[in-house]
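Undergrad: Quick mapping for you: the protein sequence lines, in order, are chains G, V and H.
The opening residue of the first sequence carries number 1 in the numbering used here; numbering runs sequentially from there.
The opening residue of the second sequence carries number 1 in the numbering used here; numbering runs sequentially from there.
The opening residue of the third sequence carries number 1 in the numbering used here; numbering runs sequentially from there.
The hints are simulated quantities; they were obtained by calculation from the structure and are not laboratory data.
Nothing here was measured: the structure is a model prediction, and the numbers come from that model.
Accuracy of the hints is not assured; some may be wrong.
As the list claims (entries may be wrong) - Covered stretches of chain V, going by a simulated chain H footprint (3 or more residues, C-beta under 8 Å):
id : stretch
1  : 114-122
2  : 204-217
3  : 264-275
4  : 369-379
Every residue gets a Cβ at the ideal spot worked out from N, C-alpha and C, and that includes glycine.
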Amino acid sequence: MKLRIVLYALLAIAAILLPLVAPPIVNNMILRIGSLVMLAISWNLAANAGLISLGHSAFWGLGSYAALLVANKLGWPFFASLVPAMIVGAVSAAAIAVITGRLKGIFFAIAMLALSEGLRVVAVMTPDFTGGGAGVFVDQALRPTTETVAMVTALCAVACAAIAYLISLTPFHYACRAMRNNESASEMLGINPLRFRIAVLSLSGAMASLAGGVNIWYSGFLDPMIGFDLHVTILAQIAPILGGIHTLAGPIIGAFATIGLSEATRTLLGEQGVSLLVYGLILVFSILYMPKGIVGTWNTWVQYRSRGAVGAKVGTTKAAPL
Amino acid sequence: MSSLIKRLGISVVVAGALASTHATAQDTIRIGAPFELSGRFVAYGAQGKRGVEMAVDVYGGKIGNKKIEVLFRDVQSNNQAAVTAFTELTQQEKVDFVIGPIASGIVAASVPAWRQSKPLWIVPGSSSTQLEDAMKGEPLFFHTYPWAYQYHEGTAKALADAMGKGKKVAIVYSDGAYGREQLPWAKEFYTKNGFTVVATELVREGAADLNPVLQKIRLTRPDVLVGIVQTTDAIQLAKQIHVAKLNIPVLVGTAYPQLQEWAQATGEAADGWIGATTYLPGMKRAADPKLAKLFPSLNDWEADFKKRYNREPEFLDVTNYTSAMMLLVAIERAGTTDKEKVAKELATLNIQTMLGTSNFVPTPGGAVHQAFNDMVVFQRDGDKFVVLFPADAADGKLKLKK
Amino acid sequence: MSLFWQCIVDSLLLGGLYSLMSIGLSLGFGVTRIINFAHGEMIMFGAYGAYFASVLLGVDPLLSLPLVSIVVAVTAAVLFKALIEKVLNAPHINQILLLFGLSLALQNVAAILWTGDARSVATPYSLTAYEFDLLLVPHGRIIAFIVAAILIVALFCWLRFSELGRATRAVAENGQAATLMGINVSRMYMLSFGINAALGAATGAISSFLLTITPFMGFHMLVKAFAIVVLGGLGSVAGTIIGAFALAFAETWVSYYVPEGNGWAEGVAFIVLLFVLIIRPKGILGQAVAVH
Chain G
1 MKLRIVLYAL LAIAAILLPL VAPPIVNNMI LRIGSLVMLA ISWNLAANAG LISLGHSAFW
61 GLGSYAALLV ANKLGWPFFA SLVPAMIVGA VSAAAIAVIT GRLKGIFFAI AMLALSEGLR
121 VVAVMTPDFT GGGAGVFVDQ ALRPTTETVA MVTALCAVAC AAIAYLISLT PFHYACRAMR
181 NNESASEMLG INPLRFRIAV LSLSGAMASL AGGVNIWYSG FLDPMIGFDL HVTILAQIAP
241 ILGGIHTLAG PIIGAFATIG LSEATRTLLG EQGVSLLVYG LILVFSILYM PKGIVGTWNT
301 WVQYRSRGAV GAKVGTTKAA PL
Chain V
1 MSSLIKRLGI SVVVAGALAS THATAQDTIR IGAPFELSGR FVAYGAQGKR GVEMAVDVYG
61 GKIGNKKIEV LFRDVQSNNQ AAVTAFTELT QQEKVDFVIG PIASGIVAAS VPAWRQSKPL
121 WIVPGSSSTQ LEDAMKGEPL FFHTYPWAYQ YHEGTAKALA DAMGKGKKVA IVYSDGAYGR
181 EQLPWAKEFY TKNGFTVVAT ELVREGAADL NPVLQKIRLT RPDVLVGIVQ TTDAIQLAKQ
241 IHVAKLNIPV LVGTAYPQLQ EWAQATGEAA DGWIGATTYL PGMKRAADPK LAKLFPSLND
301 WEADFKKRYN REPEFLDVTN YTSAMMLLVA IERAGTTDKE KVAKELATLN IQTMLGTSNF
361 VPTPGGAVHQ AFNDMVVFQR DGDKFVVLFP ADAADGKLKL KK
Chain H
1 MSLFWQCIVD SLLLGGLYSL MSIGLSLGFG VTRIINFAHG EMIMFGAYGA YFASVLLGVD
61 PLLSLPLVSI VVAVTAAVLF KALIEKVLNA PHINQILLLF GLSLALQNVA AILWTGDARS
121 VATPYSLTAY EFDLLLVPHG RIIAFIVAAI LIVALFCWLR FSELGRATRA VAENGQAATL
181 MGINVSRMYM LSFGINAALG AATGAISSFL LTITPFMGFH MLVKAFAIVV LGGLGSVAGT
241 IIGAFALAFA ETWVSYYVPE GNGWAEGVAF IVLLFVLIIR PKGILGQAVA VH
């Protein structure tokens, strides 16, 4: 077990240092995968507590705009701008947690969707503040090198993964499971659902906003369609589902798989419309035939190998906790 | 389904072939072409790709003994995919020439990626003046599509000449980049030409009902209505204006009134609209005296296009064909693939193209190379186009709508 | 003053369109408890069906509407059998993602088959209007309103008076009890999904002459239909109609009386939705409390 942790730590350090030597296209992938890892972990964290979000782009967009606005209007540099990005994400998530009270399942999901669409309308309609539909470039003079942004992205992704891991060591994750399965039962266990909800969502919101905030420094341009893009919401869900929902490794593996698939379909299928068609179909079939994701399927397979056919059905949910 | 599998098969083979091109890179001229081949803006990207492909084919596929290789990349109408495609083309494939994408938001998202290695970049789209500002003083940036203000400069003047002073104008603009960017220019040029702007009304992109906006405009009794919206919204705008019988004598659009796509969808509501463009279907433009094969007369080119694709060309087909063809001629004339030298040739090309003379000039906004500034103001009259401006090309007078 | 009455007329006409747009989604959810994320694509396919019937065969969208609806409904039923039935008991998120993937695929099938060009049918009645003094009632929109009303009344009658309709309601209220009563639940699921699609396609056929058709027109309408269904109360067909008119009134009123209102109108939908979710999560007429 210890050996494994050392191995993971080495891997993480390698990922953080890789941008120093990697060619630009690899850095581009580090950025995209890294920010998706953060989004996916953030989404999975909320999902663990039974809060299925259909609007994670709300946090992503808020983080992006917060980082961009403090940079362009106040001249804050890269690192400093990430702080307000995280705070905006955490505070707005806490507000949502309070406002939506005890909404669960589909209601919470749709409330998030409404929030994200509503924020997009606000960003479009307040051009003096956000730049509006025309969008804004990040002040070119403040932009750090691509390598720096890539390293920070990798570092943040590793930090998010570490936080998710640490949480899985505490009793917190039992509380999560209780919340997800039965909120009133969890109340009897002495968990305060509202405080718990605020804590989980704030953390989740801060992570997603941080991802948006870091990303804006690489992409360098933001408009409401980019910030509150439904595509971000979808990616935030696809990655954990594809990797294995409610597991530790799932969102990370899922982020790699999602970007890999999306890039493969994009570059290999140049004909008009085909790339997104194939992407959609892959999504449909992976839900149909791999509902437990890569991690779940892998565990099933491993247990099938070790226990023989009899034990196969039992082990499917015994993926890493949380 | 079987054709999909076939396509999949072909794509795998193509990918394999692409992977092996590195060895032969020396003998080919490589041009990066990131376009919106899927997603929201697929209609733009499809036209862009078609135009570039046709240009390479007409040119003969080779410059000297070097094969022309166009690396098309799908940017999926998405900013992240655009950055990845741009980075891959310029940093991995190390192309020195890039043409595309088209939609203004996607072009803007590509700008920071372009800065990394600054290849010669032709943008056959995006009328955004914010792009113009971001690319201020960049000698390797070439823009072959009108800027936002160019739509209104000529139109306002032409209308002032025809209608006289003291007329009232109402402006409808979309909440997206397109409308927001053009609104100040429209106001400026109409005011400058003696019009009074009596209403500026915002419409949401994709709104299900524009009647509230039109009814508010009706109360101001304007003589001119200017609709600054994207084609999809312009269809509904034109239809609802027609239905509402606003009795506005002059209706002005931006990039859409000459589109067949728009006219087909709006039916008789399209009649009488005024637009500004560098290309009108069926317009008379002569072939280039020296390069008649590459830049034939507009009518010959349109016939060739129809034969190849079994449809009428749209504005972006022409723009992308012309832009790509100019690049190929510039590379040939430079006799090298050095981007600075090719840029110098491209900047000084003087060819009679289907979009007018190809001289690149600096813009008031600070961009170094802008081609095709001869905007034509026209009015739809049934299936015909009547040119109103400039005076030397005019073949009719402004007709007021009843 | 003229604006006031015009605002009322516009709201009513828009409300009719919104009702038809969201009622299929509401019924489908009430029975199957699955949010049909591909609902927008049903509308889109209906719109293209009516468009091509008009352009290629010269058939008016109103005449092709029944056939287009049936074709889309049958296709949807097949998709239901092949894909969606398999996730009926899966977690909500899997259902949502499956349908979302389907919607992405269908959008791009349309983009491949028919390009991304914007289209619309220009029928004579889509370009004319009744005028009463200064009050304007566009023919196209009043026809759309009547069609929507007919279809909705037909749906209510079917649900109330026919054997199958009553069975559908039984399944919506309690699937397990319905099974015990000998109702073939999985067939009712397929049927209601098919009706959901048919109503979507009918919305599309009407939109084909009112709005602009593109492969991506569906998402926009889906999000709005969502808002309406939640506003009215998930699973309540009558509530959906109230929700549709409430939203249509709110949007139109904002468009008329707020500066830049047409831009804010879309935001209004979501603000109203958020408030409803907070104050009365069941929606205006929702009975279904325990939605997991």
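Undergrad: What are the numbers of the hints the structure violates, in ascending order?
TA: Structure breaks hints 1, 4.
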